Amino acid sequence: MLMAFFAFPTLAQNRLVKGTVVDQNNEPIIGATITIVGQNQGGTVTDLDGNFSLQVPAGKKIKVSYIGCQPQTVSKLDGNVKIVLQEDENTLDDVVVVGYGALKQKNVTGAVEVINPEELKDLAVTNLSEALIGLSPSLHVSMPSTGRPGENATIAIRSARDAVALIPEKDMTGAAVGANIDPRPLYVIDDFVYQDMDKGEEEFNNLDVDEVESITILKDAEAAVYGAYGAYGVILVKTKRGKAGKPRISYQTQLGWVDAVMHADMLDGYNYGRIYNAAKVANALQNPDKTIDRRIDLFQADELEAMKKTNYNLLDDYWKSSLSQRHSINVNGGNDKATYFAGVTYQTQDGNIGKLDYNRWNYRAGLTAKINDYVKATLSVSGDDSKKNIHMTSSGGASEEDYVYMLKNPSYVPDNINGYPIYHSGMENDPAFKNYYNYKSLYNSINNREQISNSMSIQGTLEADFGFIKPLKGLRARLTYSRNVGNNHDNRIRMENIVYRVKNRGGSGNHLYVTDPTMVIDNDPLVDYDETTLEGFRYTSFENLEKRVLNDGQNSYIQNTMTRNTSYQVNLMLMYGRKFGKHDVSGTFSIERGENESFNQYTEATHPLPFTDGTSNSLADDTQKEATWGKTDGGNLAYIGRLNYAYADKYLFQFLVRSQASAAKFAPENYWGAFPSFSAGWVVSEEPWFPKEKLKIDFLKLRASWGIMGRDNVEAWRWLQLYAYNSTRSQIFGTDITKESARAFQLPEKSGTNRDLHWDKNTKMNFGIDLRMLDGRLSVSFDYYYDKQREMFATPNANFMPGTVGTYPAPENYSEMDLWGYEAIVGWRQRINKDMYVSARLGFSYDDNKVLKMYWDTDPKLNSMVYGERTDRGLWGYSCLGMFRSYQEIEEYFLKYNIKSYLGLSQDKVHPGMLIYEDVRGPKDEDGNWTPADGYVDSNDIVQISKRSSNPYRSNLNLNFVWKSFSLNTTIQAEWGAYTMMPAMYKESFSSMETTNVSAMWNDMFIYEDVYDAQGRVIAYANPNGRWPNFGFTSGSVNSQTSTFWRMSAAEILIRNLTLAYTLPKNICRTIGLNAVRFNMTIQNVMSLYNACPGGYWDNFAGTYGSYPVTRKITFGMNVTF
Amino acid sequence: MKTNIYKIFRAGLVCCCFAAALTACSDDFLADKRPYGSYGENDIYRDWESVKLRLNYVYQGSLPYFRGYNSNGGNQGGNSTSTNGPSDQWPVGLPDFLSTHCDEFAGYGSNGYGYLSEPYKATAWDNTNIFKFFWTGVNESPWKKMRECTDVIVKVRQYDGLTAAQKDWAEGQARFFRATRYFRLFKRFGGVPIVRGLQSTTLSDTIDLRIARQSTKDTYDFMIEDLTTAANLLPARWEEETNDWGRVTAGTALALAGYIANYYASPVFNRADEADRWQAAYELNKQALDKLAEGHFGLSYEGDPGTNASNWAKIWCNIYGGDNQNSEAVFMANCNNAGGDASDQLYNCLEQTLRPSNCGGSGGVTPSAEMVDAFPMADGKRPEEAHDGFAYDKKLFFLNRDPRFYRTFAFPGTEWQFSGSIDTTSITNWPLKKERTGTAYRLQQYAWYSSSDEALDETRSGYFSDLMGNSGKSIYVRKKSQDLALGESPMYVFESSSGFARNGQPLIAMRYTEVLLNFAEAACGANHLNEAWDALVKIRQRVGYTGDCGLDPAIKGDRAKMFEAILYERRIELAYEGKRFDDCHRWMLFDGGLGQSEIEGAPSSWEPTGWGGNTCQYLGVTPLNDISLHRIEMYIDPAVYMGSKQPESDPFNLATPVLTTPKALTLNEDFTTTTDIETGEAIYADTNVKALAEFYLNNLIRKDIVTQRTMNAEETDYAKPQWDKKCYLMGLQSADESNNPNVAQTIGWNSTFGGAGRFDPLSLTPDNSSNKNVNTGN
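Protein chains in written order, with the numbering used here: chain D, 1 to 1122; chain X, 10001 to 10778.
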């Protein structure tokens, strides 16, 4: 009071206010914003010591705000003002970025989820999607198909993935047509709408965690502002912008080690031989005509003994943990006239096997300038540049051959002898044995695939505020132009591999890859052996090796693929927002226009010289060159409207509409589609009658949304009859017999056209509750959604079409399905004391759906889709009654159930070691009803052994524990509710065992009786109590059928991430001249808490059995701010 | 001042926004987007060059073909035996699975299938195992090819840019090929659905798309309409033959129309011998001859037969040589011998198919013994008739034969020259390694046995000399082969690695001679017997006959005998040109048409009421069902030589040869003999012929090897094949019905919807309601 009085004389003038902003711990806050209340101009930010000084007109108050703190308005401005900002645990006033606008959290009426980028910052990922794992129950993040660096994870929102069963148009081979019809979310990065889903996903994944300011997920009709493209949800990203203040420089570095979560446990050399023998004998039982030669076809006792020592695990030799590094530097600052931001990130990771390496540069710079009080311009440039090198596998693809080869190499076979890569030539050492991969040879070759991609975006914005014209107060206009240019190169060199065949092999059955240890060539520099132990017969003479060239039936080649994409987007936006008393009105109108163009070029030349460097100058002659090129383009035009109205922050209404035209997909008369959505919210807690205090509820909001979206996920140009070149031969005319065959125009294979194709209709409904109570400590949000998808695109099978039509049917707007589900997120946060803070967030989701209309199978099978049932028809397989362990059991079974045919086998073909299945029913009768059990065990007998084949229930738990300067974060993810089949190891076929090793689980395989070698020695003892059936039985594929025997829970509980961080106290920082320093240790893919796989031979957490494993990353990071 | 700047700025900003908004609002730019790499009909049909490329596909899709696309022979069209393959190929004279039902090749249904009934075949034909003539999956089906034609017919008229003549030409060619496709269906099914326009491709329209079968008459009329329209649109001969030779002409269209009319008048569709059908056929064929004459088509080498019909053999040795030499090629498919990329190549594998495997061929085609014995003698009479001065000796089958015999078959002891040579170093996949020069190539394949018991076994084959081993044969089909001795430059490029694969010989699908024979048959049917006689004489005179050419003048007064003479002439003149099966089918030569009314559901009118109730009896020929086919093997009399089955035992190549090969004949020799009335011995006109005949007489035995046995393993006898009589009028395969439930199944065949087929191809007003609708009440 006295101070106010004291200040009175200066009312009419400006005066200099000085102050310090600190947090609850009395630590100075750097970069807090100081503004003068009621004034657009003026304002400053705090410096390194939290100090500020500002000219404040008399009588004006100042407002101090800082992210994560409750803003404070200060009117007592005398002397050196000390302002203590309270940490804001109530994020309701935070602004949430939504499509073409932003809303206060508490005014949001749709299902909108915000990902806090703070939760991502410690994760070392080469793609951003992967960082989102376990952060939201409605995000389904699929890990990349392989754990190799540079591979992308994909995201599906809510039950989008369930729609796959019906939505993507399939071509004749059953493959999905077109890349952009997957149920992927739309990515919008800094307002740029990536209509090319591939490109959007790529750009999103290439963002560096450090560049991201916010990530918002629109899950329901809120996405209707993006119309068609938002039908599977939208992921909105805002990247970092400059903030006013002194220049702040931050540097972040990460150093990580990447290793496999686990490798499958495989049979060792001895047991490989033993199990092979037992399975081979069983296999031979099925073909009594073909007798086995006990010397040639089985490993002999002496060989088994030797194989105890010749136990080569190639992964031991070639698998290594890889190293990843990331360095990121950002500069950020500015004043009230202009702010800037610039950052560069470099990231690199090498591979666990071979010559794989990946590196990426990201850069981003932005400038925002206030031209005057009413006009603002921003300009930003960003981009990425990455390069990946992988070793081309022998068949030329990016397949998993290399890893699989190492994993499945029969343990007794060395991969090289004296450095010479060895060709695996089967039991009989047949020179004509199928070519087989050799990693050593591949590694020595110059095979290489180099993928280079870079992309650059430029965005400029001009924004005008019409506040200078009184009636137009609150109106702003903005013109944005964004342009994105991307290039991809894929260069490949693929040469033949040199391998060596061992001409004479050792052991009494000639199965060992050794001859006589005395044949070692002493002077051979490649020889690497222990003279005292002779390290398990690893030696053979060079004379015993025969050189061979493996080419997998393919020519050697060099290849170069280049793709260039350019796209632009222009938005003209009018925005209005003003408060009239309790009426809060805001709206946006925008015209959006975009075009994209892609050019690709492909060249290939076969038979390069052996020393090729991949350029065309390494060809002996030019005749084998081939080049093709092509182009695609697209464009869109849309009108977007958004209207928000709130009355007293209590009654909330929102109307969104987008009207959009899609070329290429539809005929001009069907270009346009309109997608409206309405939503409303009621903040019950704002009602005067609401007993806030009594219920300890701070905030309670009910909300509902309804909207129609449409999609154009159909193959382009199916509305127009096109003609394509026939690339093969066609007729020639004239009298010149040497004339080359001309080309021809034909109706393309898929020439069925449908001019009526139009936007499909997807009605989305969402009901939600947001609750906060106990002083913000507990927050609950719950969403229930129901999608009605109608007029979905579908292409019928050609067999439905009368033959006289003479072509394939065209796609139509035909299928119908409903999808629904719910999500709940419960959060708890509590400051236990000054030093300790705990927060937890538990998410839960459930998805379901039903199919209402589709091109049903004309002859429905048991597991065909059914009207009114979900797309996931569960697992269908045989009901297993156990395993035959004696011929008597077989006799009894056949007698008891009057079996006439057992999976096509007569009783004499059934042997102990086969699984027993139930005869459930006979074939359909004439009326289409199933008949009772008929004594034929066949595909009519499959039963639903699980209602679900993928988990409907998903949950995630994020824990955060802070003690003093330490913090611990973890993400735990769980899903359950379905059964799956044991990993593919039970499907391993005996026929390939000659060349591949199998899972160690087969150690406990059923063996009916002892197996003897040619000299009468036991080479595999009977194992009548073996747990697993004998997999030598291949007739009827009895044991590898899907059945209850191999069924296991699909549930998983995974600790995805764990981060321990330490922040250096500010006073220490300051003494060493730094602003802030933070250290962290992060583990990604920490561990699995539940493994349903019997015996633990494999864990689904580690990936797919028999392919490149999921990797675990341990990262040490440091973040320094200057 | 400041305010002014602001005002200007504000105004400018507003203007900018306004301008931006205006340009942004139009969606015209969307219409500029295009499907790169594909073109719309308004691109294609405005330009003659692109319309020609469009026609290229029409030709490619429906031309009869006999091509190998790769250097190893590859796809030899018309030969498909797959149940899913395109079984409706235009026959090209190979033993494909239809042609093996006729008597040209050794062995009925040699592919193991064929439309033969039990006991020859283990399972009877029904709608589940029948070949897919009607619909074979989308891309291979005839309907796809017809859609391409209809697309041209409809759309070429919708766009500007072509001259009226160009539009006519395009439509005419497309109509011709649509008719060829319909004809292939017509031959098998009679009436089929008629699709005049482009059907919708959306399944929602399915009900409308389900077109029912039309009567055989309607289908016939539709084809004749297409072909006569085409004839009006197309030129009689293309002006620029250097660029257009090989395109169909007005004459081609009428010639096909005439043949179709003959088919429709033939017993298989004309059980009552209705005269008006023959009259229509007569008129169409006459028009065809007139139109062909207008286009300078006619008999090649008329009046210049050469030696032993050597000029007749040249018909197949030129792509084009001006008016005279190629006036036979009424309907042809061009090929080339270009090297380069696979997509530039359009090879005809004919030469390679015909040649033995020891000279780069793929093994040759085996004629039936019955065919060898059927050719006329040098006096024009048939072997079984009496001849002045000689008699037919089956062992010395090459003496005193029709000139065409020597150009139709290749037999041991003759030359068969080719251009090129084989050196053993480059032979990689041929089993028989011997250097051979094409100009010195001789057919000297004789078999031997290791015992006389073996030799007498009528199922066993011998081991062949000249390194042929088990793959040798005595008689090959040589018709259409480019014998270098004929003096024409070969159209193949012989390569040691791929033999004759690179062959640019055109495939002549319809010759002028055939049109003349079609005319003769129609004239005979319409009772213009003299015109028929004249045509036969003309054809025989061309190969060197004179006077009545050995024909019996009595046939001028006997319609049945004239028909028979024409069919016989077709069998000889058109041998191995893919015509014989159709003749057997349309004349019901398997069984004379007996028992047709016994087919389940067939009306009594199916029994031939014309033709004396039995076409075979009417014509006086033996039904094919009564003929067991053989192939000829000339083996060395075991009394002369026996040896083990290995190359080292070759009696001609032993250290001290047991035999020497006779001097090979050039085929320009005089093969006639006369019998010395006193001694009864043959007097040879040529000493080399005599030497060969004596070699045969002294050392060889002719064995006619039985080539088919029952499919039933328990049967040990060699059954005569029985044509499954319901196969004259084919049934639909189950998929044909299920994708179009409105097509009705043919009488005699089961419907996939249950019950028996009720569609009668012989009725003018067939019941074409489908079994589905009848059985389910839909």
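Careful: at least some of the hints might be erroneous.
Stated by the list, open to error - Computed, partial: chain X to chain D, Cβ under 10 Å:
1) Y10159
2) G10339
3) A10342
4) V10537
Honestly, the hints are just simulated from the structure, not real lab data. Please read all numbers here as calculations on a predicted model, not as lab measurements. Beta carbons are placed, not taken as given, at the ideal position from N, Cα and C, and that holds for glycine.
With chain D as the partner, please determine if V10537/X meets the hint condition of a C-beta pair closer than 10 Å. 32 Å, violated
Holds or violated: the hint that A10342/X contacts chain D, with Cβ atoms closer than 10 Å. 8 Å, holds
When the least beta-carbon distance from Y10159/X to chain D is tested against 10 Å, hint result: Because about 13 Å separates Y10159/X from the closest Cβ in chain D, which is outside the 10 Å limit, the hint is violated.
Quick check on the hint: G10339/X CB to chain D CB, less than 10 Å? 9 Å, holds
Hints 1, 4, counting from the list given before, are not met by this structure.
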